[in-house]
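**Student:** The chain contents come next:
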Amino acid sequence: DTGVSQNPRHKITKRGQNVTFRCDPISEHNRLYWYRQTLGQGPEFLTYFQNEAQLEKSRLLSDRFSAERPKGSFSTLEIQRTEQGDSAMYLCASAGSDRRNEKLFFGSGTQLSVL
Amino acid sequence: GNSVTQMEGPVTLSEEAFLTINCTYTATGYPSLFWYVQYPGEGLQLLLKATKADDKGSNKGFEATYRKETTSFHLEKGSVQVSDSAVYFCALYSGGYQKVTFGTGTKLQVIP
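Just so you know, the protein sequences line up as chains A and B, in that order. Residue numbers for the first sequence follow this note's numbering, beginning at 1 and rising by one. Residue numbers for the second sequence follow this note's numbering, beginning at 1 and rising by one.
Simulated from the structure, these hints should not be mistaken for laboratory data. The C-beta atom is built at its ideal place from N, Cα and C for all residues, glycine as well. There's no promise every hint is true.
[Unchecked claim] Covered by chain B, per the in silico footprint, the following chain A stretches (three or more residues, Cβ under 8 Å):
{"#": "1", "region": "74-87"}
{"#": "2", "region": "107-114"}
[As the list claims (entries may be wrong)] Okay, derived cross-link-like pairs now, PhoX-like style, lysine-lysine, Cα gap no bigger than 25 Å in a straight line:
{"#": "3", "chain 1": "A", "residue 1": "Lys11", "chain 2": "A", "residue 2": "Lys57"}
{"#": "4", "chain 1": "B", "residue 1": "Lys77", "chain 2": "B", "residue 2": "Lys107"}
{"#": "5", "chain 1": "B", "residue 1": "Lys68", "chain 2": "A", "residue 2": "Lys103"}
{"#": "6", "chain 1": "A", "residue 1": "Lys103", "chain 2": "B", "residue 2": "Lys52"}
{"#": "7", "chain 1": "A", "residue 1": "Lys103", "chain 2": "A", "residue 2": "Lys71"}
{"#": "8", "chain 1": "B", "residue 1": "Lys52", "chain 2": "B", "residue 2": "Lys68"}
{"#": "9", "chain 1": "A", "residue 1": "Lys103", "chain 2": "B", "residue 2": "Lys107"}
{"#": "10", "chain 1": "B", "residue 1": "Lys107", "chain 2": "B", "residue 2": "Lys60"}
{"#": "11", "chain 1": "A", "residue 1": "Lys57", "chain 2": "A", "residue 2": "Lys71"}
{"#": "12", "chain 1": "B", "residue 1": "Lys77", "chain 2": "B", "residue 2": "Lys60"}
{"#": "13", "chain 1": "B", "residue 1": "Lys56", "chain 2": "B", "residue 2": "Lys77"}
{"#": "14", "chain 1": "B", "residue 1": "Lys56", "chain 2": "B", "residue 2": "Lys68"}
{"#": "15", "chain 1": "A", "residue 1": "Lys103", "chain 2": "B", "residue 2": "Lys56"}
{"#": "16", "chain 1": "B", "residue 1": "Lys77", "chain 2": "A", "residue 2": "Lys103"}
{"#": "17", "chain 1": "A", "residue 1": "Lys57", "chain 2": "A", "residue 2": "Lys103"}
{"#": "18", "chain 1": "B", "residue 1": "Lys77", "chain 2": "B", "residue 2": "Lys52"}
{"#": "19", "chain 1": "B", "residue 1": "Lys56", "chain 2": "B", "residue 2": "Lys107"}
{"#": "20", "chain 1": "A", "residue 1": "Lys103", "chain 2": "B", "residue 2": "Lys60"}
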């Protein structure tokens with residue numbers, strides 16, 4: 001169990017540029033979540049995958065945000081035409097297939113700064 | 001929808017003091033309740049959980065009891081240590097929505 005891995009750890013970009021983040025969940029986990037966390041706030045749910053299917057998206061997720069999980073393994077989160085308000089920590093978490101086991105395993109996050 | 005409200009921080013305590021961080025929730029059905037902790041420079045990790053009313057979760061000297069009548073899940077520790085300094089998040093899981101909803105977090109600073 002190598003844990004949830006996120007890359008990059010930090011990303012600095014200029015407003016209007018596109019960015020993509022990657023998350024590698026724990027290998028046997030079929031559930032994957034993306035959250036966003038800003039300073040002084042708790043993580044806010046963005047989207048959820050069960051295997052390769054994206055089952056839920058938050059209203060926070062504008063059309064500029066897209067997430068994929070091809071083949072039900074790693075996931076990517078892309079933000080197009082970044083805005084300064086997108087600056088935040090983007091967290092990925094995974095969980096096992098047993099819905100009774102609600103424990104989430106979090107990665108260390110990707111800190112995005114939009115200048 | 002589901003929501004979690006926890007006391008604002010920061011909370012500053014001397015070592016060996018008693019800790020309480022309040023948490024109340026709003027949810028449909030019968031959610032599971034959690035406390036997650038985030039140490040400086042690290043990712044969130046589960047501290048303890050309770051899955052039904054009157055359950056007590058405990059770990060590392062921390063405890064919290066699921067109180068359905070008051071919709072609360074307060075975190076307590078009898079004697080805090082400097083190493084407990086972190087941000088603590090109360091959270092709930094509602095299986096029908098397949099996601100965990102977090103509170104805003106409470107920063108704890110323990111001074112020697």
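**Student:** If a hint holds in the structure, say so; if it does not, say that too.
**Tutor:** Hints and how they fare:
1. 74-87: violated (count 0)
2. 107-114: holds (count 3)
3. A:Lys11 to A:Lys57: Holds: Lys11 (chain A) and Lys57 (chain A) sit about 23 Å apart, inside 25 Å.
4. B:Lys77 to B:Lys107: This hinted pair holds, its Cα atoms lying about 15 Å apart.
5. B:Lys68 to A:Lys103: holds (21 Å)
6. A:Lys103 to B:Lys52: holds (15 Å)
7. A:Lys103 to A:Lys71: With a Cα-Cα distance of about 23 Å, the restraint between Lys103 (chain A) and Lys71 (chain A) holds, given a limit of 25 Å.
8. B:Lys52 to B:Lys68: holds (8 Å)
9. A:Lys103 to B:Lys107: With Cα atoms ~22 Å apart, Lys103 (chain A) and Lys107 (chain B) stay inside 25 Å; holds.
10. B:Lys107 to B:Lys60: holds (18 Å)
11. A:Lys57 to A:Lys71: Distance ~19 Å between Lys57 (chain A) and Lys71 (chain A) Cα, so the pair holds.
12. B:Lys77 to B:Lys60: It holds: about 9 Å lies between the C-alpha atoms, which stays within 25 Å.
13. B:Lys56 to B:Lys77: holds (13 Å)
14. B:Lys56 to B:Lys68: holds (12 Å)
15. A:Lys103 to B:Lys56: holds (16 Å)
16. B:Lys77 to A:Lys103: Since the Cα atoms of Lys77 (chain B) and Lys103 (chain A) sit roughly 22 Å apart, the hinted pair holds (cutoff 25 Å).
17. A:Lys57 to A:Lys103: holds (20 Å)
18. B:Lys77 to B:Lys52: holds (21 Å)
19. B:Lys56 to B:Lys107: holds (23 Å)
20. A:Lys103 to B:Lys60: Roughly 17 Å between the alpha carbons, so the hint for Lys103 (chain A) and Lys60 (chain B) holds.
Violation of the numbered hints given earlier is confined to hint 1; every other hint is satisfied by the structure.
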